[in-house]
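At position 286 of the sequence shown the residue is numbered 543 (my numbering), and the sequence of numbers has no breaks.
Derived by calculation from the structure, the hints in this document are not laboratory data. Take the hints with a grain of salt, since some may be wrong.
Below are the DMTMM-like pairs computed for lysine to aspartate or glutamate, each with C-alpha atoms no more than 20 angstroms apart in a straight line [said to hold, decoys possible]: (1) Lys434 with Glu444; (2) Lys565 with Glu555; (3) Lys454 with Glu427; (4) Lys434 with Asp621; (5) Lys556 with Glu533; (6) Lys486 with Glu459; (7) Lys434 with Asp580; (8) Lys534 with Glu555.
Here the structure is a predicted model, which means the values were calculated and not measured.
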Amino acid sequence: MSLRRSARISVRTVSPNSNSLTKETFSTVAVKKRSASGPSLPVAAKKARSTSKVHNNNNDSQTETATRTDAPALITTPVTPVRQRRDGPQRSRAPPLTPTPSLVNVIRAPYSTGDIDNASPPPDRPVEPHVTNATLVTPGGTRSVAYPDGLLRNSALPKPTATTSTLLDEACAHLVKVEPRLKLLIERHPCPLFSAKGLAEEIDPFRSLSSGIMNQQVSGAAARAIKSKFVALFHESDADGPTFPTPAQVAATDISRLRLAGLSQRKAEYIQGLAEKFASGELSNSMLMKASDEEVMEKLTAVRGLGKWSVEMFSCFGLKRLDILSTGDLGVQRGMAAFFGKDVQKLKAKGGKWKYMSEQDMLDKAAPFAPYRSLFMWYMWRVEDVDVSVMQSTA
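Take these sequences, add in the hints, and give me the full structure.
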């Protein structure tokens, strides 16, 4: 039985009298008959036939291209290309340093325009970790310290354990004794907060707490603008320059007028409520000076607008109390977890408030560092390179 092979070549051409494409079929190229049982074609003949097919296909493609070029161009509507998403590596965002770090900017805000009224530290005076070691002032200029004239005039106060010039050295020595690994961290990062210079800062509690409320959930620039307008409400023509209003002035001012400074309704109510407590004597510099850490927390969190974290930051950075540990601060959690050998990068993906370390675990591990847990907390921020200058800058 014989086999017949044939090839048909067809191309597209343009009719000279029409724009439509027609199809013309050429004659069939006959292929030489060969018997199925006959000898196969030589290799050279096969190669020649294969080459002929390739040549014919190339001619076919070129002919079709030339024919389509002569055809009239189709009008197409331009389409804006869709921007493709890049699948490159995305920058990982560090966890927030604190729940509201902008609030700490003004916790240490003193009564005057500078951090410290006098650059040179005052004479050495007694201090104790569980009392207020800062000098507190009122808008009227009255100053008070826990141990005036170095004498124990109030038997209710605990006996002082150090002085302003020796407190930091004794606290650092205690930390290193409990955990020798802290020595290198302390040498690299001296803490200015509880130094003699830091303890010389004068703090107006009403101003600092009011400024903290103003700073909640706004940028630093917006907070400064609000504070300037707030002060101007009470000192429109003060020749000596504007000073922060007294609690009595703010308590007697209508909410609508307080809002002219840019305060929301709620913040204006918070600040007026705080002013009323200071004006009535429920809160006072004397109470904040001599009360225990627990009493300060109880009294201040009773004020609307002041939460636990806000009071902890005020007690540490404002009042200079030495035994404060903020377990709810994410920076402290992260630092402690890293310091005690946990994989913080792995824990980062974990959800919840206590994703780095549980509250009880933090309290247990920090207990040996008492009564200097404020200093321990400061160094836990440093473990993970938390920018503590945010905590220590003023408004």
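Each hint, compared with the structure:
no.	hint	verdict
1	Lys434 with Glu444	holds, 14 angstroms
2	Lys565 with Glu555	holds, 9 angstroms
3	Lys454 with Glu427	holds, 16 angstroms
4	Lys434 with Asp621	holds, 17 angstroms
5	Lys556 with Glu533	holds, 14 angstroms
6	Lys486 with Glu459	violated, 23 angstroms
7	Lys434 with Asp580	holds, 17 angstroms
8	Lys534 with Glu555	holds, 14 angstroms
The structure shown violates just one earlier hint, number 6.
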